[in-house]
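> Residue numbers (the numbering used here), protein chains in the order written: chain A, 185 to 601; chain B, 569 to 1109; chain C, -10 to 322.
Calculated from the structure, these hints are not laboratory results. Cβ atoms here follow ideal geometry from the backbone N, Cα and C, with glycine treated the same way. Please note that the accuracy of each hint is not assured.
[To be verified] Calculated pairs, EDC-like style, for lysine to aspartate or glutamate (alpha carbon to alpha carbon, straight line, at most 20 Å):
hint: 1; chain 1: B; residue 1: K1073; chain 2: C; residue 2: E22
hint: 2; chain 1: C; residue 1: K273; chain 2: B; residue 2: D661
hint: 3; chain 1: C; residue 1: K105; chain 2: A; residue 2: D382
[Stated by the list, open to error] So the derived list for chain A, only partly shown, Cβ under 10 Å to chain C, looks like this:
hint: 4; residue: I237
hint: 5; residue: S241
hint: 6; residue: A249
hint: 7; residue: A274
One letter stands for each residue in the lines below.
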Amino acid sequence: MLKQIEGSRAVAEAVALCRPEVICAYPITPQTHIVENLGQMVKAGEVDNCEFINVESEFAALSVAIGASATGARAYTATASQGLLFMAEAVYNASGLGLPIVMTIGNRAIGAPINIWNDQQDSMSMRDAGWIQLYAETNQDAVDLHIQATRLAEELSVPVMVCVDGFILTHAYERVDIPTQEQVDAFVPAFEPRQLLDPAEPVTIGAMVGPEAFTEVRYLAHYRQMQALWLIPELAEEYEQQFGRSTGGLLRSYRSDDAETLVIALGSVNGTIKDVVDKLRDEGTAIGSVSITSFRPFPAKRLREVVGQARRVVVIEKSLAVGIGGIVSTDVRMALAGAGLPVYTVVAGLGGRAITQASLREALLKAHRDVLERLTFLDLRHDVIHREIERLETQRRSGPVAENILRQLGSVADHIG
Amino acid sequence: MRRPYAITLDVGSSLANLTGSWRSERPVYVDRLPPCNSACPAGENIQQWLFHAEEGNYQAAWRVLVRDNPLAAIMGRVCYHPCESACNRGLLDESVGINAVERFLGDEANRQGWQFDPIAADSGRRVMVVGSGPAGLSAAYHLRRRGHGVVIFEAESTAGGMMRFGIPQYRLPRSVLDSDVQRIVDMGVELRLGQRVDDIEATMQQEKFDACFLGVGSQIGKRAYIPAGDARRITDAVAVLHQMEGENKPLLGRRVVVYGGGNTAIDVARTARRLGAEESIVVYRRTREKMPAHSHELNEALEEGVKVKWLSTIAAAGDETITVEKMQLDESGNPQPTGEFETMQADSVVLALGQDVDLDLLARLPELNIERGVVQVDALQMTGRRGIFAGGDMVGGERTVTVAVGHGKKAARAIDAYLRDSTPAQAAKHELATFDRLNTWYYSDAPKTIRPVLDIIRRQSTFDEVVGSLDEATALYEARRCMSCGNCFECDTCYGVCPDNAVIKLGPGKGFEFNYDYCKGCGLCAAECPCGAIRMEPEVD
Amino acid sequence: MRTSHVKFYQTGTFTVGNRLLSETERSVQSTLERTNALNSGHRACQGCGEALGARYAIDAAMRATNNQLIAANATGCLEVFSTPYPETSWQVPWIHSLFGNAAAVATGVAAALRVKGRTDTRVVAQGGDGGTTDIGFGCLSGMFERNDDVLYICYDNEAYMNTGVQRSSATPPTARTATTQAVGPEPGNVFGQGKNVPLIAMAHEIPYVATASVADVRDLEAKVTKAMSMHGARYIHILVPCPLGWGSAPHDTVKLARLATESGLFPVFEAERGEITDRRTIRKQVPVEEYLRLQRRFAHLFKPVLQVDVIARLQAAADRNIRRFGLHGQGEL
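Turn these sequences into a full structure, and let the hints guide you.
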């Protein structure tokens, strides 16, 4: 059913359609609307047989989900940014215990400095935590991926994060097709846990594992997640058949055939990228793009196939690995190792900075001509950087760089003593 | 279910980890000797019979008791219960009223008509026992239990010896005495009353006795020289108490002076009160602390109006008076004369200065070694003459009913071995369960039960039993005050406090075992065992 | 003459069992049928109070629930010594997630059970003092505040023993730990304000709060049983001496728990909906010194010189407990 609704509402409705049994809620911008909506639906009796628990922290949110999932309940929670970091210990724990929890990440920057706007630093920080990470390009994607994620998680007994760009998607009112309950029920069977806390058949879950078996446990975690590389496309295909909508599986390519330059990105920025690609194509530039849906597991083989004969790759990153550069780029380079292609990293949209078509176009054209720096920060205000670096070199004093920059910008200077 | 490797495990699988290898000390269950048992002259297994009594299983308790001592009802009245003096509970609050429970069990046996267990197969051997006092009865009983034929020769016309002729009725009702004796007779012991034995050797030969036990009581009162005008007014305690059993009760007058400080002196003084004496005065040369009579008996006497003249000796006896000299104790605690005299009214003077045994019957047995009026015996109660054993008053030592019973038992065991040409089995010596072995925290706070006492008026005028019996509930209470020193009473504490579940409970009456596969040797079981029945021993490879 | 003492049972309920009691009056730990929730073969130190307390508590909870019980466990000694791969000592369905989230995991378990309609199955969460009074405190308080249907049991051994005896907020003043060494002018742990989690639990006005110790299994079992008869958030705080951390003899574990309660240092009481309803009165009061002397963590109070004033401060704390909780049986509850 087509609806003109806020992204968060759409996600909430999709989650509700998956018949969650325990929902743990803790507010953090920009995912808050999701749990608010779910809370309202549960309270109104629109979700059958579901416990909605207002917890005292994100750490508790995921911990409650862990307990619920281990007891055989389909558990869901959502978080973002600092919240994800606050629950970090539990994030690793849920995957280590093989509990198929689905969690929405309303992607947002991580402080300090505190910043509530969108980038993908938060979920990137958890890329090695053993969760499958799916990135939604649109709110329709977000809806479809949540439904697939529920089944994916439970079939593999691996938790899944569905990453939805904060504000850009979560707060955007768009036309979204919300499936019917019958459709979702047909796609998502009842949860059959791989392990269960049950007095009838008691087990110990969460043993202490030493050097003699830890490597094997980790290997198996890797092995299980890698199975998603075939399961995700399979589920996407099945989903397309049942719902008439493609989510592309591991990744989606756009005008990539015969492209010399291929742009790679995760999430909503792909919309802007496609617009730029269209314009550059119109101008005769052989350029295409790839939207990676499954960042974990990383679809290296599929990416190689898509890259094909391209001569270069540009990765648009909404995060930064301080000290090296791109996070996604590193994985892309590894996937394309041996192909000898230059991989350009463009760090863009940090802390909610708008990624404009103009800036993007300029960067991509430079890349196309192989004159782009290997690591580029889109729309970086070089004057500010230079002044601060200069000052640092003369003063060499520690302290918050952010505050110093803001001081120079003068935007808050009047309010800071 | 396909469980995740390593992080999810099957329950209880740690049984594969045998933590017993950590141990440097191992706990072992032991039976330590309870101080009551250790102190009992009759060798009763008090702790064990109390164990049954605690459960209200009185017959089982009685059966354990009479394995060692057949005179339960008598014991419960006349025993001076050294067990209670030794009782560890005395260090906690007050000793367990063992004697009262014993009396309850003995009386219960008489009320219910319980008989002894069937005796062993007849051995075909015959033993003569001289004297039907506690030593003789005990020997006869223990011999009969072992299947031997026993004949008791008793010079008096009634059985009981000094229990009848030395202990007043208000302490031991004769019906009780008769019941306990009858039960022994009912075993098939032949009791020949009114038969004084003059020639042991001849009797043994005539009747083909294979062995003999002598258990003659100390029936002769010791006399002291007192210058006296009228000797008729001076008598001795044994004679008075013996006379009490006859038709003609002794005539002691209104003012009676008893001379001595032992239990017999107290008995006579109390008897005199009951016979109508207005004044019954014990004259004793030392102080109360030094008095050999048991303090509870003295207390009862004082309650009944008996008076004591401490630090005094009788210097002379006149027609209606006696002259008493005051004494004082020297540095070593011996009384020394002061030269101060005092005159007292006295219708009669009863000497209670100790007793001797009539050893005339031993005259024809020159092998017997007699020193200071008592027969010398070896560690097995055998006299210098093979096959002739002796016990009770005539072998010296403490002269109590209980000691005599113990001698009889010991001699019977030796006679049995003698008859079988073997030596008596030596029971393993157990370490004493001293107070410091116990963890007394676990015992409920429970002061001793006071036995009912006859009211004072009746005690001064009748020979009714002074100290009453416990009723069932009270006896049970008293039994349950027992701390079961040194012997497991199945309180489950070891089973509970083991952090490693390394104590195996075998079920009621079967106790516990250690599971050394898992016991880490922490020693909690031994430390917390209330009764000290677990010992930690170094682990040896 | 005293009459009718048949109620007196030799050791009463002080011993673990008592053959003179009727079957129904016997403790769980005395029965052949006890479940040994924490089985043999675990790797706890010799004389471990926590292993003992955990078995006492969980066995009682199992009996109270007819074995329909699920346990969530915080990281700590109890978790480590009971479940090193490939062996587990637990006989109940059991989950260990993290150090600080046992209460929240239990909340999740309870929520799942409710959703699944398995109302007969109950949940306990358990952890040491570190996992309860420190790192797990947020989750604990949240569970209390929501009144989730969880019994949380804290096994308090008064420090972080698993990591090598570091101070926790449950460590008593003057106690030596690896992070409060017995050096300097004020050796050992500071005299802080203390953190009485049972009282904090009571401040949440949850249905049931109790303290207990391994020195009184009957009391402990009664409290667990009572807790399992109720719904909502419940909290039991059990003192479990630790030979390793306290520097005490392994065989003194139960004795120390006893001395802690008999001295008044560890008041044993229970409360319902924020109000104290009962307390275990002191039977044979002992000076705190008797308790302290058995533990090397307090050795500096006695050597090289007797710290009379410091011991007096600890005695004052015990005396305050006695007054405050009416441990002599005095005063209003």
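> Evaluate each hint against the coordinates.
These are the hints, each one checked on the structure:
1. For a cut-off of 20 Å, the pair hint linking K1073(B) to E22(C) stands: about 10 Å separates their Cα positions.
2. Of the pairs offered as hints, the one joining K273(C) and D661(B) holds, with about 13 Å between alpha carbons and a cut-off of 20 Å not exceeded.
3. Distance restraint check for K105(C) and D382(A): the Cα-Cα separation of roughly 12 Å lies within the 20 Å cut-off, and the hinted pair is therefore satisfied.
4. Taken as an interface hint, I237(A) checks out: its beta carbon lies about 6 Å from the nearest beta carbon of chain C, inside 10 Å.
5. Evaluation of the S241(A) hint against chain C yields a held restraint, the C-beta minimum of about 6 Å falling below 10 Å.
6. At a threshold of 10 Å, the smallest CB-CB gap from A249(A) to chain C is about 6 Å, leaving the interface hint in force.
7. Restraint check, A274(A) versus chain C: the minimum CB separation of about 6 Å is within 10 Å; hint holds.
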